[in-house]
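K.L.:
Build out the structure end to end from the sequences listed, making use of the hints.
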Amino acid sequence: MAPTTPTKPMTFAYAPAPESRSVVDIAPSYGLFINGEFTEAADGKVFKTISPSSEEVLSEVAQATAEDVDRAVKSARKAFESWSALPGSERAKYLFRIARVIQERSRELAVLESLDNGKPIRESRDADLPLVAAHFFYYAGWADKLAHAGYGPDPRPLGVAGQVIPWNFPLLMLAWKIAPALAAGNTVVLKPAETTPLSALFFADICRQAGLPKGVVNIITGDGATGAELVGHPGIDKVAFTGSTEVGKAIARTVAGTSKKVTLELGGKAANIVFDDAPIDQAVEGIVNGIFFNQGHVCCAGSRLLVQESVQDELLDALKRRMRTLRVGDPLDKNTDVGAINSAEQLARIRTLAEAGEAEGAERWAPDCELPGSGFWFAPTLFTGVTQAHRIAREEIFGPVLSVLTFRTPEEAVAKANNTPYGLSAGIWTEKGSRILWMASRLRAGVVWSNTFNKFDPTSPFGGYKESGYGREGGRHGLEAYLDV
Amino acid sequence: MADVTASDGALRRFLHGLPGVDAVGLQVRAATLGTRSIKTTAKAYAIDLAISMIDLTTLEGADTPGKVRALCAKGAHPDPTDRTVPKVAAICVYGDMVATAKEALASASGSDIHVAAVATAFPSGRAAMPVKLADTRDAVAAGADEIDMVIDRGAFLSGRYLDVFEEIKQVKEACARPDGGAAHLKVIFETGELQTYDNVRRASWLAMLAGADFIKTSTGKVAVNATPPVTLLMLEAVRDFRAATGVQVGVKPAGGIRTSKDAIKYLVMVNETLGEEWLTADWFRFGASSLLNDLLMQRQKLRTGHYSGPDYMTVD
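Chains as they are written, first to last, in this note's numbering: chain D, 1 to 485; chain E, 1 to 316.
Since the hints were made in silico from the structure, they are not lab data. Misleading hints may appear alongside valid ones.
As the list claims (entries may be wrong) - Chain E is nowhere near these chain D residues, computed Cβ spacing over 10 Å in every case: (1) 25; (2) 45; (3) 280; (4) 282; (5) 360; (6) 389; (7) 461.
As the list claims (entries may be wrong) - Label pairs and their in silico Cβ distance ranges: (8) D/358 / E/7: 43 to 53 Å; (9) D/344 / E/314: 52 to 62 Å; (10) E/302 / D/130: 30 to 40 Å; (11) D/93 / E/123: 50 to 60 Å; (12) E/48 / D/359: 45 to 55 Å; (13) D/358 / E/123: 55 to 65 Å; (14) E/302 / D/82: 53 to 63 Å; (15) D/440 / E/159: 27 to 37 Å; (16) D/313 / E/302: 43 to 53 Å; (17) E/307 / D/356: 50 to 60 Å; (18) E/17 / D/361: 51 to 61 Å; (19) E/10 / D/391: 43 to 53 Å.
Where is the CB? At the ideal position from N, CA and C, for every residue including glycine.
P.N.:
Take a look at the structure:
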């Protein structure tokens with residue numbers, strides 16, 4: 001064709017499009033939120049929280065001691081009397097109010113989350129915050145309808161819930177824990193992760209803004225020792241934990257023999273299974289979303305790609321082409337797809353496992369991408385030639401690393417997908433509806449997605465089989481964990 | 001790939017053997033690309049690129065030589081106060097206006113702007129084959145550089161794929177000029193009538209196999225015209241077709257793209273699906289009319305920091 005544009009245009013390079021930091025005002029230090037007030041730790045100890053994309057110190061937060069944990073539990077116990085006595089419709093009002101305040105402050109909270117966690121603003125803005133608000137709205141709706149939840153005519157709350165949450169979705173995991181607990185009439189003491197305490201402390205402010213009675217929500221910050229003090233405290237009636245399988249097992253041992261109820265949402269090594277009749281372009285998007293969403297810091301991440309051998313080459317070519325367009329960098333840039341690894345410790349773990357993958361003979365591939373000089377970064381990475389015997393096929397990496405395995409028949413796909421100590425999630429990609437049903441009934445995973453991946457909704461229960469934990473969060477099922485049934 | 005068009009059965013098996021399209025996944029991907037934030041230098045680049053890719057269009061029963069001349073003058077000098085604005089790619093008219101458009105462009109020092117003519121009983125495509133071919137030859141003889149044909153959607157939807165294939169092939173032959181050159185052929189699917197994404201993928205491959213130089217979404221004459229998901233799917237089809245055959249085909253979304261913001265979303269889709277090889281007017285076009293003024297307004301805003309009123313944009 002005769003050219004109608006005389007000169008070859010330059011590349012369409014996106015100019016930086018940073019979200020403004022000025023929408024969030026981070027104080028130089030934060031105390032513990034106990035009985036509606038921010039207070040210092042008993043021994044005055046603090047620790048720093050940094051931005052993983054720059055290693056800049058964002059703030060200092062209090063390191064709660066056993067004494068502080070005790071104070072928080074007592075405050076929650078005292079508040080439980082009146083909170084649990086409120087009609088459900090009154091509790092609902094507070095929860096609806098919290099949900100609305102979260103929506104109003106969503107931009108501020110999204111920026112804060114991206115700063116403290118390292119996740120791209122596109123995800124904190126379009127995934128985390130809308131889901132946080134949706135979770136509070138959803139459980140607000142249940143608060144006056146507990147008699148119709150299928151747990152008897154008048155199900156009672158458990159009491160004080162001790163909740164320990166991870167760093168991958170700080171505010172969303174808080175919502176998953178606090179919303180059903182309060183709706184059911186419990187009070188809570190929540191400990192956010194050591195590396196991402198800020199959004200929980202901002203949530204404390206939201207509780208005050210919403211006029212929530214003192215002591216109903218208590219937020220204590222600290223490291224693993226603080227978490228252990230909390231779950232071991234005799235004054236709590238319920239432990240809810242999301243995090244690693246290793247810590248989950250320790251918690252299960254701690255509460256064994258007590259009357260505490262426990263729900264654990266632990267690790268995963270999900271299989272994302274692609275058949276030869278899959279919608280290829282959408283499957284590629286699903287694979288990318290499955291493992292590179294939130295830098296792969298997702299317990300239900302599709303970290304094992306099981307692809308049918310007959311489409312392996314075609315699919316991997318398409319996947320690599322797509323991975324070359326991933327934009328890695330500044331989490332606050334609105335065009336960033338993959339942000340920073342949450343901590344130096346996590347980065348070291350990802351590196352160790354990736355090196356093990358190479359050493360054990362798998363082939364490593366990553367697109368050319370320039371990583372920032374400061375902060376913690378790991379390029380989106382693909383391993384091919386992986387077998388069930390490799391560590392990268394068995395251990396949870398919790399990073400942007402995909403292990404590619406192959407299968408020949410549906411039976412083999414099921415066998416390989418289930419051949420893991422975990423069982424949190426799985427994905428199936430095929431245009432054949434009957435095969436989706438056949439597979440879904442055989443996969444031992446709490447969530448099975450078909451022709452999609454990493455889709456979350458407050459109405460849908462979420463939880464694991466085997467070492468991925470027990471109990472369900474979300475939906476009607478999520479109420480059971482906070483009711484005496 | 002000649003064997004796949006050897007018979008109706010072979011063509012059907014081939015088209016139905018293409019990978020399916022998951023509607024939800026396609027829409028999510030298009031929406032996600034729509035969240036890209038294109039600012040400052042990138043925006044300035046995208047606006048000029050979009051202007052240079054416009055097929056500035058008038059396709060009304062009420063079209064007159066005067067109207068077409070006005071459009072041609074606008075296409076050659078979109079902003080009379082700013083000569084740095086690029087020209088549009090083409091002027092798109094009905095066949096009987098081609099000669100007028102050629103003349104008007106020449107006198108507006110816009111003879112490097114192409115004239116595209118819609119043909120083959122546009123927009124419905126409901127006419128006998130000899131009529132469609134005569135329509136095409138007429139426009140080519142009048143000097144059309146590009147022919148925008150419509151496919152017979154009735155034939156496509158009733159599964160007569162080979163009929164559609166033969167139709168496109170014959171129109172392509174009718175695009176030949178006596179000097180040995182040929183008008184470029186854009187094939188319009190009217191995706192709003194094909195309805196399903198699977199149909200759009202099949203129509204894309206069918207048209208490309210038959211020799212389309214461009215594949216185009218819509219006539220602009222039905223309720224649903226170009227949409228981001230449909231265009232994304234067609235971009236994927238031209239990408240896959242080149243990988244399979246080595247032949248590069250262009251894409252033209254048409255109808256309903258009215259704002260700079262929308263146009264930039266389309267350019268982002270091209271950029272992230274096909275890359276810069278397709279980011280020229282040779283391989284990507286917008287079928288639009290009111291889009292141009294919005295692009296000009298945003299261009300002024302970017303350069304001067306403020307908006308002027310609509311009275312400072314020429315009406316078409």
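K.L.:
Determine for every hint whether it applies to the structure shown.
P.N.:
Consistency of the hints with the structure:
The non-interface label for residue 25 of chain D is consistent with chain E: the shortest C-beta to C-beta separation is roughly 23 Å, beyond 10 Å. Residue-level check passed: residue 45 of chain D sits 41 Å from the nearest beta carbon of chain E, beyond 10 Å. Residue placement check: residue 280 of chain D does not keep its beta carbon more than 10 Å from all beta carbons of chain E (closest about 4 Å). Annotated as non-interface, residue 282 of chain D brings its C-beta within 10 Å of a C-beta of chain E; the closest such distance is 3 Å.
Every Cβ of chain E is farther than 10 Å from the Cβ of residue 360 of chain D; the closest lies at roughly 33 Å, confirming the non-interface assignment. No beta-carbon of chain E is positioned within 10 Å of the beta-carbon of residue 389 of chain D; the least distance is around 32 Å. The Cβ of residue 461 of chain D lies farther than 10 Å from every Cβ of chain E, with a closest approach of about 21 Å, so its non-interface assignment holds. For residue 358 of chain D paired with residue 7 of chain E, a C-beta distance near 51 Å keeps the hint of 43 to 53 Å intact.
Separation of residue 344 of chain D from residue 314 of chain E is about 60 Å and conforms to the stated range, judged on CB atoms against 52 to 62 Å. Judged by the Cβ atoms, the range 30 to 40 Å given for residue 302 of chain E and residue 130 of chain D holds: they are separated by roughly 31 Å. Our hint of 50 to 60 Å for residue 93 of chain D and residue 123 of chain E holds, since their Cβ atoms are close to 56 Å apart. Range check, residue 48 of chain E to residue 359 of chain D: about 51 Å between beta-carbon atoms, so the 45 to 55 Å window is met.
Between residue 358 of chain D and residue 123 of chain E, the C-beta spacing of about 58 Å keeps the proposed range 55 to 65 Å intact. Range check, residue 302 of chain E to residue 82 of chain D: Cβ separation about 59 Å, and the 53 to 63 Å hint holds. Distance hint check: the CB atoms of residue 440 of chain D and residue 159 of chain E are about 33 Å apart, consistent with the given range 27 to 37 Å. Separated by about 45 Å at the C-beta atoms, residue 313 of chain D and residue 302 of chain E satisfy the suggested range of 43 to 53 Å.
Between residue 307 of chain E and residue 356 of chain D the Cβ separation comes to about 58 Å, which falls inside the hinted range of 50 to 60 Å. The given range of 51 to 61 Å is broken by residue 17 of chain E and residue 361 of chain D, whose C-beta atoms sit roughly 36 Å from each other. Distance hint check: the CB atoms of residue 10 of chain E and residue 391 of chain D are about 48 Å apart, consistent with the given range 43 to 53 Å.
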